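Kindly generate the complete structure, drawing on both the sequences and the hints.
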Amino acid sequence: MLLPRLRERDRIASALERAGSQVLRVAVTRTVPGDTAVLEVTARRIVAGEAAWLVLTSARTVEVLAPYLLAEVGIGPTAGAPGHRDAPDASNADPDAAASPARAASSEQRQLATATSSMRVAVVGPATGRAWTGLTG
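FYI, in my numbering the residues of the sequence shown are -4 to 132.
Bear in mind the hints are in silico, worked out from the structure with no lab data behind them.
Please read these numbers as outputs of a predicted model, since none were measured by experiment.
For glycine and all other residues, C-beta sits at the position ideal for the given N, C-alpha and C.
It is possible that part of the hints are untrue.
[What the hints assert, rightly or not] Ranges of calculated distance between the beta carbons of each label pair, as one might list FRET restraints:
| # | residue 1 | residue 2 | range |
| --- | --- | --- | --- |
| 1 | Pro121 | Leu11 | 18 to 24 Å |
| 2 | Thr109 | Ala32 | 23 to 29 Å |
| 3 | Ser102 | Val21 | 37 to 43 Å |
| 4 | Ala43 | Ala14 | 48 to 54 Å |
| 5 | Ala10 | Val33 | 37 to 43 Å |
| 6 | Ala43 | Val18 | 42 to 48 Å |
| 7 | Leu11 | Arg115 | 34 to 40 Å |
| 8 | Val36 | Arg4 | 31 to 37 Å |
| 9 | Val33 | Val119 | 18 to 24 Å |
If you want it as C-alpha cells, here you go:
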C-alpha cells in the first residue's frame, strides 16, 4: 500500500501494518519557507488586535505562524526567525504534534493567549486545534 506522506508516528500506517499490509510511505508534499515580511506583518496585526477572526487550516499553519506571534509578544527569537520547515526531512514531522519547535511555556502561553483574546479563532480539524492549544494554552 502506498501512503502519500512520511510521518515518523503515523497512526494510519501503523494500523495498516498491524493488519498485515506492507506500507510504503512516500512524501509527496513539502513545506517551503513563506514570505518572512508577510508573516511578520500578519503576526503584528494579529497581536495588535486588527483582526476579528483568525482561521487556522492546519497544524503546520500554526507551526509556521508560532515564532512570529511569539516574537511579537516579546517571547523567543526576534521576528523574522524561520517558522517553517526547510530541512530535507521536513515531511517526517508529525503534524499532530502541537507546534513543537515553538511550543510555549505556561507564562508564554498566557501572554500569547491574552494578546489574541480579542479575536475569534477558528481551527480546521483536531490536529490544528491541538497545535493552537499547545501554543496558547
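These are the hints, each one checked on the structure:
The hinted range of 18 to 24 Å is satisfied by Pro121 and Leu11, whose Cβ atoms lie roughly 20 Å apart. As the Cβ distance of Thr109 to Ala32 is approximately 26 Å, the hint placing it in 23 to 29 Å holds. As the Cβ distance of Ser102 to Val21 is approximately 41 Å, the hint placing it in 37 to 43 Å holds. For Ala43 and Ala14, the Cβ-Cβ distance of about 51 Å falls inside the hinted range of 48 to 54 Å, so the restraint holds.
The supplied range of 37 to 43 Å is met by Ala10 and Val33, whose beta-carbon atoms lie about 38 Å from each other. Take Ala43 and Val18: their Cβ atoms lie about 46 Å apart, and the range 42 to 48 Å holds. At roughly 38 Å, the beta carbons of Leu11 and Arg115 sit within the given window of 34 to 40 Å. Evaluation of the 31 to 37 Å hint for Val36 and Arg4 yields a pass: the beta carbon distance comes to about 34 Å.
The given range of 18 to 24 Å is respected by Val33 and Val119, whose C-beta atoms sit roughly 20 Å from each other.
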